[in-house]
Amino acid sequence: AQKVTQAQTEISVVEKEDVTLDCVYETRDTTYYLFWYKQPPSGELVFLIRRNSFDEQNEISGRYSWNFQKSTSSFNFTITASQVVDSAVYFCALMGAGAGGTSYGKLTFGQGTILTVHP
Amino acid sequence: EAGVVQSPRYKIIEKKQPVAFWCNPISGHNTLYWYLQNLGQGPELLIRYENEEAVDDSQLPKDRFSAERLKGVDSTLKIQPAELGDSAVYLCASSVRGRDEQFFGPGTRLTVL
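Those sequence lines, one after another, are chains S and A.
The opening position of the first sequence corresponds to residue 1 in our numbering, with each subsequent residue numbered one higher.
The opening position of the second sequence corresponds to residue 1001 in our numbering, with each subsequent residue numbered one higher.
Just so you know, these hints were derived from the structure itself, not from any lab.
Where is the CB? At the ideal position from N, CA and C, for every residue including glycine.
Honestly, I wouldn't trust all of these hints.
The calculated label-pair distances, taken between Cβ atoms and stated as ranges, are [to be verified]: (1) G1085(A) x I60(S): 39 to 45 Å; (2) S1058(A) x E26(S): 16 to 22 Å; (3) R28(S) x S1007(A): 17 to 23 Å.
Can you build the whole structure from these sequences, using the hints too?
What follows is the structure, encoded as structure tokens:
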């Protein structure tokens, strides 16, 4: 069974602070994908990143960075110099591949972390 | 490129009434998904289509929920009859293939009174 845990229910920071959102996952699949999505107040889930289980390189995209560590089953997300527009609910999600990579498609989401950035 | 389109955005009905949601995926995306999102929780998959075939409907409550994807493009999700506990946001998503990132529509917020 797949499981994603986002232990932080809510985080509140002041603009320009750095903030890290934690994500821990469980899966028996040897091949899987990890995702982060952002859900602003408008409600639409916005895709941020996808990582393969066999690629542990960290990634930086502008103010966003992701730290994937297979040894601890974690895929954490850091926003540097946060801005008010970063306020949203952030979801970590897992997609397992199953035997022979045949089970693609089902995303298992965490509960989400509500990030509030104050001016 | 146009995103995933859903309608209506909001729907209020009384319990025991039927309701239907419509989704138009991104052009060229073969895989279509319907998710249910309860307040304060992450989305949960209801059904996944590969073209016009439902390949995963294990989480769909088939006694009252039904879905179709005629011609492998647009899709409709129906609830009949609706219950109070069905109040939630219904999200549609699409992807090129099952393993790719999924792009979500704005959702339909259903309120059952």
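Here is what the structure says about each hint:
Restraint check, G1085(A) to I60(S): a C-beta distance of roughly 43 Å satisfies the suggested window 39 to 45 Å. Against the hinted window of 16 to 22 Å, the Cβ-Cβ separation of S1058(A) and E26(S) comes to about 19 Å, which satisfies the hint. With their beta carbons about 39 Å apart, R28(S) and S1007(A) fall outside the hinted range of 17 to 23 Å.
The earlier numbered hint that this structure contradicts is number 3, and it is the only one.
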